[in-house]
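One line per chain: the protein sequences are A and B, in this order. In terms of our numbering, the first sequence is residues 1 to 64. In terms of our numbering, the second sequence is residues 1 to 458.
One thing to keep in mind: the hints can contain errors.
The following residues of chain B were derived to be distant from chain A, with all beta-carbon distances above 10 Å [what the hints assert, rightly or not]: (1) Y152; (2) Q154; (3) C156; (4) T205; (5) R212; (6) H216; (7) Q227; (8) R325; (9) N382; (10) P384; (11) R418; (12) D420; (13) R432.
Facing chain A, according to a computed beta carbon distance under 8 Å, are these residues of chain B, among others [as the list claims (entries may be wrong)]: (14) M43; (15) G46; (16) Y48; (17) D119; (18) A151; (19) E218.
These aren't lab readings, by the way, just hints derived from the structure by calculation. Don't be surprised by glycine CBs; every beta carbon is placed ideally from N, CA and C.
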Amino acid sequence: MAFATAISLVFTETAHAYIDPSSGSYFLQILLAGLLGVLFTLKIYWRKIKAFFTGKGADHDERR
Amino acid sequence: MMNGVNTRLSGSFRDPSGFLFYRDGVLYRQINQSYQEHYELLMSSGLYRELTQVGLLIPHDEVDIPPADSGPVYRIIKPEVIPFVSYPYEWCFGQLKDAALVTLEIQKMALSHGMILKDASAFNIQFRNGRPVLIDTLSFETYQEGRPWVAYRQFCQHFLAPLALMSYLDIRLGQLSRIHLDGIPLDLAATLLPKRTRFSFPLLTNIHLHARSQRHFEARPVNSDRQVKRQGLQGLVDNLESAIGRLTWKLDDTVWADYYDNTNYSDRAIAHKSELVAGYGQKVDPKTIWDLGANDGTFSRAVSGNGTPVVAFDFDPAAVEKNYRACRKNHEHHILPLLVDLTNPSPGIGWSHKERMSFIERGPVDLVLALALVHHLAIGNNVPFKYLAAFFAETCRSLIVEFIPKHDSQITRMLATREDVFDTYTRDEFERCFSLHFSIVEKADITDSTRTLYLMTR
Numbered sequence: 001m002a003f004a005t006a007i008s009l010v011f012t013e014t015a016h017a018y019i020d021p022s023s024g025s026y027f028l029q030i031l032l033a034g035l036l037g038v039l040f041t042l043k044i045y046w047r048k049i050k051a052f053f054t055g056k057g058a059d060h061d062e063r064r
Numbered sequence: 001m002m003n004g005v006n007t008r009l010s011g012s013f014r015d016p017s018g019f020l021f022y023r024d025g026v027l028y029r030q031i032n033q034s035y036q037e038h039y040e041l042l043m044s045s046g047l048y049r050e051l052t053q054v055g056l057l058i059p060h061d062e063v064d065i066p067p068a069d070s071g072p073v074y075r076i077i078k079p080e081v082i083p084f085v086s087y088p089y090e091w092c093f094g095q096l097k098d099a100a101l102v103t104l105e106i107q108k109m110a111l112s113h114g115m116i117l118k119d120a121s122a123f124n125i126q127f128r129n130g131r132p133v134l135i136d137t138l139s140f141e142t143y144q145e146g147r148p149w150v151a152y153r154q155f156c157q158h159f160l161a162p163l164a165l166m167s168y169l170d171i172r173l174g175q176l177s178r179i180h181l182d183g184i185p186l187d188l189a190a191t192l193l194p195k196r197t198r199f200s201f202p203l204l205t206n207i208h209l210h211a212r213s214q215r216h217f218e219a220r221p222v223n224s225d226r227q228v229k230r231q232g233l234q235g236l237v238d239n240l241e242s243a244i245g246r247l248t249w250k251l252d253d254t255v256w257a258d259y260y261d262n263t264n265y266s267d268r269a270i271a272h273k274s275e276l277v278a279g280y281g282q283k284v285d286p287k288t289i290w291d292l293g294a295n296d297g298t299f300s301r302a303v304s305g306n307g308t309p310v311v312a313f314d315f316d317p318a319a320v321e322k323n324y325r326a327c328r329k330n331h332e333h334h335i336l337p338l339l340v341d342l343t344n345p346s347p348g349i350g351w352s353h354k355e356r357m358s359f360i361e362r363g364p365v366d367l368v369l370a371l372a373l374v375h376h377l378a379i380g381n382n383v384p385f386k387y388l389a390a391f392f393a394e395t396c397r398s399l400i401v402e403f404i405p406k407h408d409s410q411i412t413r414m415l416a417t418r419e420d421v422f423d424t425y426t427r428d429e430f431e432r433c434f435s436l437h438f439s440i441v442e443k444a445d446i447t448d449s450t451r452t453l454y455l456m457t458r
């Protein structure tokens, strides 16, 4: 059930896009985002740690 | 009920969310009901306010006028007008790079307000006061957690691929954007890029693997239950930002030096020419200026003394790049350097030849500068004077044009390797042909040179 919901979420919404997102682009993006999301999270935490020790505020990336 | 004559912009038809139209010479954008939810979020979330405050999105007013068509209209807005519309294939490397970075910055701000870019076309970016700005108010949609970024492919094709090709291979490959209006196909970019780009993580993933993935899944849906988390999207944008940020175009010193060495002018001659150009410019008092063959923009600056907007065209990517960097550095917001080869200026292209305007269509302007240009076209490209005069007459109401006689060392150099078939290249013939379209208001010999400057009006 969860699987079916996820599929429909991804592809029903795609139908509304007026540009072609390309299946291959979606596939790569899903893979890449999985990896880059982890790295991005680490980067944010690293900035927070650095900010704590340097006494400077973490940069605006955190608001994203 | 519809009032007035509406002219729909010929390039505004893809997105069913709305379209641009002119009525009584004023530009409006119709927003259709299908976009209502997204528009309301754009305005209520604070995203519109933040983006317009920092100059990243074109501001607009909501107006109460009848719609342009009888369709399911939600609202009409009146966007601020961009004085000169330019296209990615007319931008130098630095301009395309800045446009890419601005698109990513907008994407980041949109995500922080619960929205996302639904397209990432380079044509949605224009240069306003020297800086890139998003002109499509309807480019945002409500962000749905888990949904991948629909415009990821488009961003890579419109920005990353041409910038990588220009940076790693040859700056002239930017012209591929004129053929491929929806961006450079990634398989083409992957084929052309040198093997060493596979060792750059952002290029390996966003171009090489991206192209392979597109080929693999061609005409097949992706069978995956995985979604893209918000952090993943942020990571993707961060990765693209670092990829674009690392791409550079380094001009070697000799290229830069050429601009000073090859001008054929002494300091006195340049000073006199600048003075004449500025004086003629004041006489015309133009609101709009094109500098054709502007080189690094020296005389664009001379003629636009009080900040009159100038579009400075040149066919040399290095000259345009140099001019753009100088404009950014010196905050010269009124000068827009662009890449145009006058022997083959931008044509009307895209659907029905009307989606992107030709060079000529974007004129005429009050004043055109054609300095050290005529001999390039007349001798370098064999264009007869009468054709040249007719061309300039189509582009402007007044013209500052420089005549360079055949015995000038630059023309001697041009003719050194070819037969001189230009018997009619004389001052008399030049004046006769240009007088068919213009009146010569003033002319003056430039001190310490063989050249003459003319002010002509139609």
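Okay, the hints, checked on the actual structure:
no.: 1; hint: Y152; verdict: 5 Å, violated
no.: 2; hint: Q154; verdict: 6 Å, violated
no.: 3; hint: C156; verdict: 8 Å, violated
no.: 4; hint: T205; verdict: 6 Å, violated
no.: 5; hint: R212; verdict: 8 Å, violated
no.: 6; hint: H216; verdict: 6 Å, violated
no.: 7; hint: Q227; verdict: 6 Å, violated
no.: 8; hint: R325; verdict: 26 Å, holds
no.: 9; hint: N382; verdict: 43 Å, holds
no.: 10; hint: P384; verdict: 45 Å, holds
no.: 11; hint: R418; verdict: 49 Å, holds
no.: 12; hint: D420; verdict: 54 Å, holds
no.: 13; hint: R432; verdict: 53 Å, holds
no.: 14; hint: M43; verdict: 20 Å, violated
no.: 15; hint: G46; verdict: 12 Å, violated
no.: 16; hint: Y48; verdict: 17 Å, violated
no.: 17; hint: D119; verdict: 5 Å, holds
no.: 18; hint: A151; verdict: 7 Å, holds
no.: 19; hint: E218; verdict: 7 Å, holds
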